[in-house]
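Once you have looked at the hints, place chain B on chain A.
Protein chains: 2
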Amino acid sequence: MSKLAIDDAGLDGYIAACRNEYEAALRALVETPTVSADPARAADVRRGATLAAELIRQCGGEAQIVETGGHPLVLGRLGSGNTKRGIAVYNHLDVQPAEEPEWQHDPFRLRIDGERYVGRGTTDDKGPALAALFAARYAVQHGATADVQFIWEFEEEIGSPHFDAAIAVQAKRLPVDAVLVSDTVWIARGIPAIAYGLRGLQGARLVLETGVKDTHSGLTGGAARNAVGELAQVLSRCCNAATGRALIPGFYDDAAPLAADEVREFLASGFSVAEFQRAHGLRSLRTQDAETVVRRIWGEPTFEVHGIAGGYGGPGIKTIVPQRAEAKVSMRLVPNQEPARMLRLLTAFVQSINPDIRVEDAGALPWYLGQRSGPYAEAARRAIAYAFGKSPAFVREGGSIGAVVAMERHLHAPVLLMGLSLPEHGYHAPNEYFDWGQAAGGMKAFVRFFAEAGGIGARQRPWQPRAV
Amino acid sequence: MSKLAIDDAGLDGYIAACRNEYEAALRALVETPTVSADPARAADVRRGATLAAELIRQCGGEAQIVETGGHPLVLGRLGSGNTKRGIAVYNHLDVQPAEEPEWQHDPFRLRIDGERYVGRGTTDDKGPALAALFAARYAVQHGATADVQFIWEFEEEIGSPHFDAAIAVQAKRLPVDAVLVSDTVWIARGIPAIAYGLRGLQGARLVLETGVKDTHSGLTGGAARNAVGELAQVLSRCCNAATGRALIPGFYDDAAPLAADEVREFLASGFSVAEFQRAHGLRSLRTQDAETVVRRIWGEPTFEVHGIAGGYGGPGIKTIVPQRAEAKVSMRLVPNQEPARMLRLLTAFVQSINPDIRVEDAGALPWYLGQRSGPYAEAARRAIAYAFGKSPAFVREGGSIGAVVAMERHLHAPVLLMGLSLPEHGYHAPNEYFDWGQAAGGMKAFVRFFAEAGGIGARQRPWQPRAV
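Chains as they are written, first to last, in my numbering: chain A, 1 to 468; chain B, 1001 to 1468.
Same shape as in the complex, but just chain A (with noise of 0.2 Å):
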């Protein structure tokens, strides 16, 4: 199969031993806050590439900061380069905010809990993407014949808007065989999943202004229009909140349905709708149904709201008529539903019942759907069986990481998204954690992976992205 034979005591033995090389490492990434829509922290987003690059060649490999017109991104190889063979391994190294009063500590501050890292990014993305590197050095060391080629972006959490033209330029230097991302998320812990598909994303901000300055309820109340109040109706009328289904004319119209095996293996892959609802920490779900719940999650188009602010904040009440509103939405795409007719859809809806609505593009992302068999497919599935002891289930992930089809468009490669993290370790959530057992076990599986995709044989171009 590869000219890397893997020694299984041989890698454990690696593994453990770079335990504390791990956690230093993901200690200082943590410790950069790397929160790419603040751009107050734009200087600590450049500090983190600069870092991540250093991280790069202390594995014995070489880095460069690519400049993209926003924040910059950091490609690096290990390996010969003497190949032509390469696999490509995709992480982000950019973070969400992490303002959530929930936080138990500086989310800024790696805090080690036995096997836990809680910090903002340790789960999404910087654990998995440093379990790739150092599974990296390790296939390089041991004889992989295929390079590995790293791809770590820092505008993941805000849509990637230069990462498409970034990878256009870059991808001739990136002669790649496949894929790996590693940034999504398992059915639950001791249930693997192999992602083939994601959600796009449309964002919009939705703002309403009826005056200049906030007015006395008393003085005005009756006769002044009231812009949260006018929002709040747009909002419920573009998606019924009890159920979720959207209200937006033509919303569902270009949506692709699931397959009946794709929902078969749904089904079958472990999903516990109980587990999935306390590992998320919700209180009751729209249904209990545990199809419904799949289907919404994975294959169905969303309407959320994603915060709304206006008018009085602070103790008590103040009773004031207030003049401005602003809510963030986004809505999440299916196949072959396109961002920009949704983003239409969505603004001639809210400016049919209310004209003095601005609805503002908050970014969009293409949705993604790619192979559930293959060569590569398949390696993927047994790294995963080999490093974990089960199989995964191919299921499709519900969120978007908008470089997966740049990736694929470019480099004209397959995308394997192969995730390490787990419902609990809570993408985007306050408290966000990663463990040593999924990166151990992540860097066990990447290793075998290398070793597997480096001798599937020549490369198959021309590669053709799955037709929906």
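Just so you know, the hints here were simulated from the structure itself, not pulled from any lab data. Predicted model only: the values in this text are computed from it and were never measured. From the three backbone atoms N, C-alpha and C, an ideal C-beta is built for every residue, glycine too. Mixed in with the good hints there might be a few duds.
Take a look, some chain A residues computed to stay more than 12 Å from chain B by CB distance [what the hints assert, rightly or not]: (1) E67; (2) V169; (3) R264; (4) A327.
Derived, one-sided and incomplete: chain A residues facing chain B with beta-carbon distance under 8 Å [said to hold, decoys possible]: (5) G221; (6) V305; (7) I320.
Same frame as chain A, but now just chain B:
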């Protein structure tokens, strides 16, 4: 008419001469941030009470600070103390919060800009309070037969939670024939108004929690409940935001309609929709029809959202499913709507839609309907005409002053609402201001009222509140 024969030129001279003193007193009050809603300001409120008592003493009166169980009350008296006759003057010296970003300078520094006094509380209600104090000094020094009692509250902006009990205890020490309240707003500059009615108020907080932490909409979106979406839906079911019509079952059942002659006087008052809109800085109104506007702001109940918050509020978009949302709302009430019943109706309706929403009582104020005629009303009418050269319209006011009903009940005296504020002064708004013209005219009107009211004759007990 009165023992106080007004020397017009002497009064004008007195007013002109006390401008510096007035401004110094207003500065001292404004620069004591008596924000009753903010627990962190409790010491400032108490400093405000001490300062207020001192101001009364500086005018030759006596004053004391009365404990209420909440913020204190200041009671003062100018006059001989030997008469059993008295006019009470009510003002409140607490203020609204001032967190609006539109403030162009520190709201708790008085900025004098020509005739204008800019700062939180200048028009609501510190400026009018001082106009009454300085008028009382002149009246008492020039032979008024009635003492002037001062009732200065520090909890008006939080719904006067302790006022009723405090004034009930103090009532025997306040033998008054009439109560003058200066905390209302004219139709427009040059168009004075005396209010004979006030709307009541029932406030509430609506709180929804659907989980223990925000979750990632890519992982949970579709199945997880969206607290902001659900709250928006409930708000939109409570009130048609486009028209302001409340949709809560039973909401209008008890609301007494306006009499035809009231509406005629409203329309003859000089009220202008265009001027109203301009003064409050409103881009558009729910209607441009003058009768509909005056009915809605003075004579009909409302359901208003004062503020809403939930989910992510930082820069950019954060794709979470928010687990908590909160809205502050109130219902303005008209005769004969009882606040407690309205809260029950609201709670039952909200929870019939969404049983997980907590509805918390945020305070209540009763509606008020006073006299449009009679000797004190006529004295007030003549006082305004004397000072400002134009007879006031008798209208209702859409706001609420909880103390009014309590004083009517416990002091057994009619309450006259002789406000000095103008719509553009901005009650509860950023860059609130008052002006010397209204202050000076107010002093003149109040002197005349004290003169006339002292001569109206024997106190007409038992005084009966008007039935609707």
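Here is how each hint holds up against the structure:
no.	hint	verdict
1	E67	holds (21 Å)
2	V169	holds (25 Å)
3	R264	holds (19 Å)
4	A327	violated (8 Å)
5	G221	holds (5 Å)
6	V305	holds (4 Å)
7	I320	holds (6 Å)
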